[in-house]
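Peer 1: Sequence:
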Amino acid sequence: MTTEVKTDFLVVGAGPAGGGLASFLGQNGLKGILITSAPSTADSPRAHLVNPFALECLRDIEVEDDSMRLSLPPETIGAVRYSRSLLGQEIGNVHHWEGVPENAMNVKKYSPSRWVDLPQTYMEPILVNYATHNGFSVRLSTELLSAEKDAATNEWVCSIADHVRKDTFSIRTKFLFGADGGRSQVARLSNATFSKQPSKGVACNIIFKADLSHLMDNKLAQLHTIINPTANPRFGNSPVIRLVRPWNQWMIISAFTGRTQDQDPFKGVSRDDPELVKWIRDMLGLDDNPLTKDIPIDVERIDSWVVRETVANNFIPAENTFLLGDAAHRHPPVYGLGSNTCLQDAYNLAWKVAYVAKGLAGPKLLSSYNAERQPVGAQLVREANLGIIGHIKVWDALGMLADTEGERVRGLERLSKATPEGEEWRAKLHDAMESKMGEGKSLGLCMNQWYESDAVYLDDEAERRTLPEGFDRISDPYISTYPGNRLPHAWLSTKLSQKRISTHDLAGKGAFSLFTGHGGEAWKEAARRISEQTGIPIKTYQIGVGLDFHDIYRDWYTRRGVRESGCVLIRPDRYVTWRSVSVVDDTEVTLRKVLNRVLSRDEQRPDFEGSCSPSKPPAVHLDGLSPPAATPKPPARPVFLPSYDLQAPPFRASYPFSRPTTADAPFEMWAIFRVWSGAVYLLSIILSIPLAFDVGGRDSGLAYSLSIFLFYFLYSFIKAITPKESRVRSTFTNLLGIAQWIVLPSLLIWSLNRFSVDAGSTDWVSRTLGHVRPSAKHTESWQEWFFGQGGVLEHLTLGGWDRGLRYSSPVFQLLEGFCSLLVIQAAGQITRWLVNRGRSDTWVIILVVFSGSIMASAVYFLWRVTRFPQIGNLDATLIGVTVTSAVFLCAFGIGSGRGNPVESSLLFAYVVLCVYQIFTDYLPSPNGAAAQAAAEEQAAANQPEFPPLPPIIMASYSTLVHMLSQLPDAISSSLTFVWAAFQTITPSVIISLTYRIIVFYCATRIIPAVRESGARALMDEPSNFDDTSDAANKLMIFLSWFSPSILIAVYTSLLLQHFSVAATDGDGIGWTLRGGDAGGNPWRWFNVAATMALYAVELYLGKDEVSHWKTD
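Residue numbers (UniProt numbering): 1 to 1112.
Keep in mind that a hint or two might mislead.
Below, a list of computed lysine-lysine pairs in the DSS-like style, where the Cα atoms sit at most 27 Å apart [unchecked claim]:
| no. | residue 1 | residue 2 |
| --- | --- | --- |
| 1 | Lys539 | Lys495 |
| 2 | Lys719 | Lys524 |
| 3 | Lys393 | Lys428 |
| 4 | Lys539 | Lys524 |
| 5 | Lys499 | Lys509 |
| 6 | Lys209 | Lys267 |
| 7 | Lys278 | Lys293 |
| 8 | Lys219 | Lys6 |
| 9 | Lys166 | Lys196 |
| 10 | Lys219 | Lys441 |
| 11 | Lys200 | Lys441 |
| 12 | Lys108 | Lys393 |
| 13 | Lys108 | Lys428 |
| 14 | Lys219 | Lys196 |
| 15 | Lys539 | Lys31 |
| 16 | Lys6 | Lys166 |
| 17 | Lys219 | Lys293 |
In case anyone wonders, no lab produced these hints; they're calculated from the structure.
Take these sequences, add in the hints, and give me the full structure.
Peer 2: Put into structure tokens, the structure is as follows:
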């Protein structure tokens, strides 16, 4: 019976990627198994160069000192030499790494680590030793044969061969990591796909020993390129010699472009082959000097390899299966990025796996590994292969690419001749070596690995990452705390010690870090509370004079990118995930929101057992609540409908049910009641505001509108400033919810009694239309002067409310235009996606018919406008210019490919809508004042007969009692009153109100999505409309809380805009049910012009069928 071993984490491969991953997982407290088919750690020093940014990863697990002790110091690897032989005449020298003065200076400025030469034979034991001491069992001579997914448990069942015991066993694992090199078995078993380019050729590494310690003075270099035109062409004329251990172990690398493995000249060659030994001695130049002829060489190993350009299309080829290192990307050793990329892959992946395994993050976090590291791997593979061209240019300038020995000798000799040809080739050699120095200056390529993924929070950034003008990503380092960038390094000190501490030493160690400064105590407290409630490790530090750490060289001050009271949040892999420019009002809510997004905490977490179970925290959400298991997942945004039902309990508002079952019947009934209650209150607002205006006059309507606005604003304000769990909040909101049944009619009665016009006029229509005001009274006391009717307080409140609404009309008008354009473009982007998704003509036909219908409807209403009587020349001119401009813009958008038929037809329809609204209320007045008076008389005659309701009858409570005694008559009168109230509503106002609510709501959904994902947020997939945007969530919650007050203000503003005309006495604004002057509000014309101008600019800046969006 086959033995089965269970583990949560199985790492295949013990190289820099596999050993690094096991070490970093162990650092995070996880336990697992690492296997390798090799009988030992690396026995060939293939990879060797470690750049400062990979060494920073080893610094985090405190093995940097061991690495430095076993590596060659930076001084010995600062150049690439070109010489006739290793000991012979030097032809040229190209500075590399810290041998480049700018690099040496920048490395000290931007990293606590350095460039070192740490051969793989020394790096792997360091990593394996750390892994075995931190929870990982390491098995050598153990090979992965096969792996299958268990559908029942979603685990991998791996067949393992033990080459020591000569038997097989099984390992059952939840996570499978492929770090098993270029011929990865994990990649093959998981059906991984790769992007490949044709092989660039073959190469061979020969490891040998030769004691040259007394001969290498002033010959320090990382690589020694040999230029020997007379050498044995079988093994190459321009090999590269590398020092492995000073000064007796060496590697010689010979490459052949354009050859296949079958054409490998080292194929079948033994270590003691005399021809091979002679060739190596010639490359060293040992036989050129009698004093070195007796130095022996000992060939230890011959390793041939293929120059490849391959990268996996997805570093996560199957669920819970990950590729890293050479298993994911394969490239030549140009730029020295091999082991560095392996370590950085592992460092990026380990903390994400750990947080998901511990229940601190949702599984979606793991997908950010591919989103972040696959582009990096693809870029490095591409640049490394392009870097080969630099070597070839130098070889060509030196004549080494010639076919015959004689041509190669002449090519090298011409460089020393004073001839035009010699001058030309010396210039070529100079340019080639300067180009080759680009590899040595590649500090930017090593350092500028910035990320864009769901694990980086960009919503609070005002603009996208902006690079300096002339920035070279290969050579120039980019230092910034912009989210997705590596944490800037700065040396700090403590109060008690002057020992320097890097910002990198404060971050990492498997925990989030939050850096702030003076005034940032709120961030520190917020992080502490969140960490206590959720188990997420967050280390906080205040940096500044007199704080936790002192910025002694002022480097953090210049690199932090935020104010002193702001903060920078760093992930466990020491990448910035979010920053706040300054302290905000609610630091805890803000920080919770960021962590929720970055860690995908809204997802259901998998249940881990075994090694992960001891560290698994309770399933606590970042909002501090632990909802019961039966509570469905809440949506990220509330629905923006005016929520007048103030009695809804906070818990149900935060966690609304989705699909109720039988057990959820009470909640279903509660939801129905909420909908019914909200509809009743919405209807009451729509009916009562114009009723207050029509019955009581302008001041009465303004008083009622202002009073209910303040009532709902008070409720929303209490809801916004109090915690969800607060009893104060629950008490006040419930009381206000119950009180609104009484408050609304009471406020209506109060406004009609106090502010209605003189009841002595003929009827209420005359009082209202005539703009009659109460007769002025002599002020008898200061109380009446201040509090009385027409007093100072009334003037300030009603007058301020009146002016505020009137002056806000242009703002609402322009917002309507802007939001309408957003909705139009969103519709255009969605239709592009529908058409391009399936490449089908069905959607094309449907959308063309839809666009044609919109255009036909718009043309019909435009024709209606032209039929309005007595439109003047100016009106006709404005209409003509507007329609012509709209037609031109629509035609240009369709013809240029920067718009589409749906987008253009909607724009044209909106322009026609604006024109129609301008002239809808136009009422001609051909005979001047007489006709005006006749029209007023006719309008008064057409007014509905109201029952004997306020302000006179309802001012008396005895009358109210009398009405109750006459209940049947009262019900009949009430129904008559409601019907009359309905007749006071003008359809154009309701249509405008509905339209504004819809476009404003759509804009709140569109703008955050575009800010988060750019123009393609509404073009690639409809998932951009899902409820996952935290920015949209914040905005929608705010609008939902204050939606009743917002709706009242917008509605009242529309009423004033549609029904106000200049008073006949010229001293104010009256109230009427008729329209305004011909041509309407000039702001409507301005809105039309601004909307079309903005769309024109957007079309001009856009590109054909590409994601153009005005808010980018």
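Peer 1: Now, for every hint given, state plainly whether the structure supports it.
Peer 2: Do the hints match the structure? See the list:
A C-alpha spacing of about 18 Å is found between Lys539 and Lys495, which places the hinted pair at or below 27 Å, so the restraint holds. At roughly 26 Å between alpha-carbon atoms, Lys719 and Lys524 fall within 27 Å of each other, so this suggested pair holds. Restraint check for Lys393 and Lys428: satisfied, since their Cα atoms lie roughly 9 Å apart, inside the 27 Å limit. Between Lys539 and Lys524 the alpha-carbon distance is near 9 Å, which keeps this suggested pair within the 27 Å criterion.
Proposed proximity of Lys499 and Lys509 is supported: the alpha carbons are some 20 Å apart, at most 27 Å. A hinted pair counts as satisfied when its Cα atoms are at most 27 Å apart, and Lys209 with Lys267 qualifies at roughly 21 Å. Proposed proximity of Lys278 and Lys293 is supported: the alpha carbons are some 12 Å apart, at most 27 Å. Proximity of Lys219 to Lys6 is assessed by CA-CA distance (about 54 Å); at most 27 Å being required, the pair is judged violated.
A C-alpha spacing of about 36 Å is found between Lys166 and Lys196, which places the hinted pair above 27 Å, so the restraint is violated. Straight-line distance between C-alpha atoms of Lys219 and Lys441 comes to about 21 Å, which keeps the hinted pair within the 27 Å bound. About 24 Å separates the Cα atoms of Lys200 and Lys441, which keeps this hinted pair within 27 Å; it holds. A hinted pair counts as satisfied when its Cα atoms are at most 27 Å apart, and Lys108 with Lys393 does not qualify at roughly 32 Å.
Pair hint Lys108 plus Lys428 does not hold up; C-alpha atoms about 34 Å apart against a cutoff of 27 Å. Pair hint Lys219 plus Lys196 does not hold up; C-alpha atoms about 39 Å apart against a cutoff of 27 Å. At most 27 Å may separate the alpha-carbon atoms for a hinted pair to count; Lys539 and Lys31 meet this at roughly 24 Å. For the proposed pair Lys6 and Lys166, the alpha carbon gap of about 21 Å is at most 27 Å, so the pair holds.
For the proposed pair Lys219 and Lys293, the alpha carbon gap of about 19 Å is at most 27 Å, so the pair holds.
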